[in-house]
Amino acid sequence: MITGATKPGSDYFLDGLNSIRNKEALTERQISSGYRIQTAADSPTEITDLVRLNGQLAANQTQTQNFGRLSTELQSADQGISTVISAVESAKTLGLQGGTATSTADSRQAIAAQVQGLISQVVGVANTSVEGRYIFAGDSDTVTPYQSDSSSAFGYSYQGAASSTRQVLDGTGHSLYAAATAQQLFDHRDTSGQPDASSVLTGLQNLVTALQSNTGIDTAVSSLETASTYLNGQLSQVGTSEQELTAAQNLAATQKTDLQTALSGIRDTDISQAAIDLNTEKVAESAAVAAEGGGSQKTLFDYLG
Amino acid sequence: MSGIFTALHTSASALAVFSQSLGAEQQNVTNSATAGYAAKRVRVTDSGVGGITASDTVAISSSSDTYADALVRNSSSEAGAAASQSEVLGGLNQLFDITGNSGVLAAFQNFSSTFSKLSVTPSDAALRTSAIGAGQQVAQAFGDLAASLDTQRAQTDTSITETVQKINTLSGQIAQLNQKAQSGVDTDTALRQALDDLSNLVDINVGHNPDGSVNVTAGGQVQLVSGNQSYALSAVGIGGSAGGGLGQVTIQSSTGESSGQFSGSLGGLLNVRNNILPGLLGGGGQPGSLNQLAQGFAARANTILTGAATSSAAGAAPGVALFTFDSADPTDAARSLQAAALTPDQLGVATTGSNGTANGAALLLSGLPSSTNTADQIGGVSAQTFFSQTAATLGQQTSNATNDQAQFQSALTSAQNSRQKLIGVSLDGEAISITADQRAYQASAQVISVLNQLTQTEVDLIK
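Residue numbers (this note's numbering), protein chains in the order written: chain A, 1 to 305; chain B, 306 to 768.
These are calculated hints, taken from the structure and not from any lab test. Cβ atoms here follow ideal geometry from the backbone N, Cα and C, with glycine treated the same way. Keep in mind that a hint or two might mislead.
[Said to hold, decoys possible] Computed footprint of chain B on chain A; a stretch qualifies when at least three of its residues, placed anywhere within it, have a C-beta under 8 Å from a C-beta of chain B:
id, region
1, 39 to 47
2, 134 to 144
3, 155 to 166
4, 192 to 202
Start from the sequences and build out the full structure, keeping to the hints where you can.
Next comes the structure, spelled out in C-alpha cells:
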C-alpha cells in the first residue's frame, strides 16, 4: 500500500464525491426553483432564445392590457353612437308628431324642447371619457370636445382636435381602430367646413327651429334620416374594429400560450427527469461512500505482530 | 586466524549496512503520511570483491522524480488558473440577470411596456411620467451593473495583489530552503511542498542545482528564485480607470523582467482582469459591450425623442432628449448614463410629417429594445439581443471555467497519485524490507557470534 498525506485513491474518491455532490446541488436547485436555467452559465447557447421569448411574453402581456383598454374605449364608442342613433330615431318620431295636423303650437314647442334635450344628450355622448380620456376628442383627448358656446347654432362648439391620428396596432402591425372625432361623428362637415346632411347636431337643431316655426318639419325629419344612416355606417365601422380587436385578443391569447410553452421548454425543469437524476445521484453517492469505507486499510505491518 | 578476522570485519560491515538500511526504512515509515515526502532508498555499490565488504560504498538516496514533480506542478498551475477564473466569473455571471426580473433586461422590458401603454393614451400625463421613470430605470440599471462590475474589478485587483504577495512569500521560503540545502540540510520534502504550493499560484519552471538548491522562473521568463536569492513580483496597473477604460495589469519582477503570459491562479485572475472585464467595461482600445449597449440604446432613444413632437397639435414643441452620457469617452457610457428630469410635457410622443401620428414616437420607443430595424440596432442586433449575447458569452466563459476546473483538478489528482506511487512510501514494501534487513542483521550478528566463539576456541588451543 502506497501512502502519502492521504490514502492513495482518496483524492480520486474526494474529487468524484465532490462532482456527485455538485450535481446533486444543481439538481436540487433546479427542482426547488422549478427552473433549469437561472443564469447564463446554466445553458449559454439557449440564452438568446430565452431572453427573446421572455421579451415577447412581456410585450404580449402589455399588448393584452392595451387591448383591454381599447376594448373599453370601443365599447363606450359603440354604446355612445348607439345612444345617439336612438336619440335621432326619437327625434324623428317627435318630428313626425310635431308635423301632424293635430299638433298645436304649444305641443310643437313642447316637442322642440324635447328635441333640445336630445341635443344635450348627444353632446353628453360626444363628451364621453374613458379613464380620463375623452374618446371623441381626437388627438386632444384631454380637452372636453363640446363646450357651451352661445354663438353656436346649437349652443356648443367643438374644442377637440380635428383628427385622431393615434394608432393601436395588433400583433402584425395592423392598425385596429381609427377613432373618429365627435365632430366627424355628430357634426359632420363638408369640404368647405360647413355642416352637411350627415350632421346630427345640425339636423336636430334644424328640427328644433322647424318645430318652433312650424315650417320645414318634414324636411328636417328627412335630413335626420341621412344623419342616422351616416351614424349607422360609423357604428358599423366601430363594430368592425371590435371584431378585429377580438380577433387580435384571441391571437394574443394563443401567442401567449405558445410563448409560455416555448419558454417553459427552454427554461423550466423537467421535474420527473430531475427527480430520477437526483435519485441516481444519491444512490451513486451512497455507493461511493460505502465502497470507500469498505476498503481494507491494513498493511503487512498489521500482520507481522 | 587471518581468515576469521576477515570474516569478522566483513560481518561488521554488513551490520553497518543493514543498520543504515533499517534507519532509512524507519524514516520512511515515520514519514509515510508526510505530504511531499520522497521515500529514501539504500543503495550498496559493490566493490567487486564479492559480498558486502568494507570497500563497498553505501548511499541513501531520495526516490524523488523531477518529471513527476514537473507534471504535478503543471497540472497544479492549470487547476489554479481554472479555479480562480471559475470563482471570479461565477460572480460576474450572477450580475447579468437573464430572467428579466431585475437589471438591464428588466429595465428594457419596463421601458417597452411603459411606452407601449403610453402609446394608447399619449396625452396621459401620469403615463408620460411613468415613461420618464422607465428611462431613469434603464439608466439606473446600466449604472448599477457598471458599478457592480467595477466592484468585481476591484476585488479581482485585490486578489491579484494577494496572490502576488503569496508568491513572494513562497519565493522567499524557497530561497531560504536553498540556503539550507547548500549547507547540507535535507530540504527535499519542504522544497517539494513549497514548489507545489507555488505552482498552484503561478506556472513555474524549476532548475535543479548540484548542491540541492533550485532556480525558479515564472511565466516562462520571470526569475523568482536563484540560489538563496528571491526576486519579488509586483502588480502594476492595479486600480480603477480615469478614462479610456480599464488599464492592463502587468506583473513585474524586481529584476525588471515582466511577462504577459502566466498560468496558475495569478494567470486566471489576470485573464479576467485584462481580457474579460475590459470586454465588458472597456479598455485596451475597446469600448466594452456594456458601454456599447448603453450608448447605442440611449443615443437612439434620444434621436427618436428629439425628432418627435410633444403632441400632434400644430406648432407643438419638439421632444427633449431623455438620456445624457459621457459621449467623449465611449468606455464611460454605462457609468455616466443618466436620465434627465423631464416634465411630462417635454416628452416627445408624436411623429411629425405627413404620416405623423399622435403616438408614433411612443410606438417606436416601445419597440426599441427588441427592434430589428437597422437604425435601432447595436452591433447588428437589437438591444435586447445584444444584452443576451453579452450574457451568453460570459455564461459560456463561466461554464468553460467551471468545467475546466473539474477537469484540471482531476488531472492534478491523477498526477499527484502517479507521483505518489513513484516516490511515496509503500508500507507493505517497507515491511518486507525491514523484515529482510532485520533477518540479515540477525544473521550477521549470529555470524559474528560464531566467529567470536571460533576465535575464542583458537585462542584457547594456542594456550
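Hints versus structure:
no.: 1; hint: 39 to 47; in the structure: holds (count 8)
no.: 2; hint: 134 to 144; in the structure: holds (count 4)
no.: 3; hint: 155 to 166; in the structure: holds (count 4)
no.: 4; hint: 192 to 202; in the structure: violated (count 0)
In this structure, only the earlier hint numbered 4 is contradicted, and the remaining ones agree with it.
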